[in-house]
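Participant: Take a look at the letters that make up each chain.
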Amino acid sequence: MAFLSNLVNGISLGSIYAMIALGYTMVYGIAKMLNFAHGDVIMVGAYLAFCAAQYWGMPPLVALLIAMVACTVLGMTIEKLAYAPLRQATSLAVLITAIGMSYLLQNTALLIWGANPKVFPDLIGLDSLQLFGGELVIKGATLVTIAANIVIMVVLTLFINRTRMGKAMRCVSEDRGAAELMGINVNRTISATFAIGSCLAAVAGFLLCSSYPMLQPTTGSMPGIKAFTAAVFGGIGSIPGAMIGGILLGVIEILGKAYVSTELGDAIVFAVLIIVLLVRPTGLLGKVQREKV
Amino acid sequence: MTETMQNAPQPMLSVQDIHVYYGAIHAIKGISLEVYPDEIVTLIGANGAGKSTTLNTIAGLLKPKSGNVLFEGKPIAGLGASRIVPAGLSLCPEGRRVFQQMTVRENLEMGGYTRKPAEIEASLADMFQRFPRLKEREKQIAGTLSGGEQQMLAMARALMSRPRLLMLDEPSMGLAPILVDQIFGIIKELHQAGTTILLVEQNAQMALSVADRAYVLETGKITMSGDARDLMHNDNVRKAYLGS
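Taken in sequence, the protein lines are chains A and B.
Residue numbers 1 to 293, in our numbering, belong to the letters of the first sequence in order.
Residue numbers 1001 to 1244, in our numbering, belong to the letters of the second sequence in order.
One or more of the hints may lead you astray.
[To be verified] Facing chain A, according to a computed beta carbon distance under 8 Å, are these residues of chain B, among others:
hint: 1; residue: L1079
hint: 2; residue: A1081
hint: 3; residue: V1085
Hints listed in this document are in silico derivations from the structure and should not be mistaken for laboratory results.
None of these values were measured; they are calculated from a predicted model.
Just so you know, even glycine gets a beta-carbon here, dropped at the ideal spot from N, CA and C.
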């Protein structure tokens, strides 16, 4: 039973990683850049949901919606102001800018909300699920996280495969020049990608803090790095890869902490990443790059 | 006076003294050319002469540093492809560049990206009629098609936006001679169906045989232009591009 409980918790944590990893992988696939400020958007989303619920007395769902809308706007603004002017620049310049943006967000949060951790309230308010006569207890937040992740994956898959904008994203991801020749507005497509990624980051922030209720300006960085790892693990640029990579990473982390060593949990996660990349440099579902003639 | 002005044939496409740079490299050094309605015009020249750069600039992928591009009288230079395609001008790029991971049908649908769903359906039916091979391969992933099929797909995809002017960049590149004949047959058919064509080719012989007029490009400049048949018999052209 303990194993099952750990597994469920691992899937739940992994679901959060997957939501964040989707933002990394979509932005990488379409804009060909690593947005290292992505983790900090999670933190901003969590703070906004916290403020909306705690200070402004909004119901939890409204608090979540406020965070989602605000993060969507934030993501698009970051792209427009910081990354779009660097479209022709070297990838190193863009990477440094993203790291700078990450620090800017963290320090702005520090300025606004201070360094003291806030205790995130229980906004989900769902009773724990008791199974097998109380032997297996699954927390409400855990259930909601897993359910939310399933919904997000289904909706996103449909969006990418069925809608006009989703197909445009696949085109830009595969061949930006050819996509332009179809009449696709590449700038708008990239902007939409940031919007989706940042909106998911807000959801992830809300759910992360519902399960691990300590909120401070650096809250987003570790999950951000792990989700980036998950995206690479699954094959960066691949949406199913981010989903699978995220969930696997969460499960490995929780099981590692439970059965190997609590202190080494994170080390195990990154060790697995290194091993996977040694065997499959493009990640689990990554495309093997063919040399173009 | 105004009467004769209106009756004089207006060029469909008018490129006026464009200069294009890749960073510090001056790739196009003042090119001017015209394409009149219902013509096939070809641009021939050696590798690196600037043929593709010229087409990419007209299509809106590159911005000229100076000079004008007028399409049906309206300036389009620097507008970007997302506004040039709906205006009625499309480019079938060098190397085909079909979306390898999408199906044949999806590729065609993307070609009609700027149009309404009902119009896309109508054009799809047209394309499947013109290219029966693509109909057979409708659900196949484009990356698995043969080179000739990919070229047909790329051309059909470019036609999905219903261009009045179709630009083709090296449509015969890398194809077996029998397929080259087939592709040029399709170009003639498209032209007969009323599409104006600007063709870039390394296969000068083939290009000159289908074209009405031609321009010869050398290191970013036009060195010769005129009736395609005249150029085919011009000694300099024969020596440099026709291998005799």
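Participant: Under the constraints set out in the numbered hints, which ones does this structure not fulfil?
Facilitator: 1
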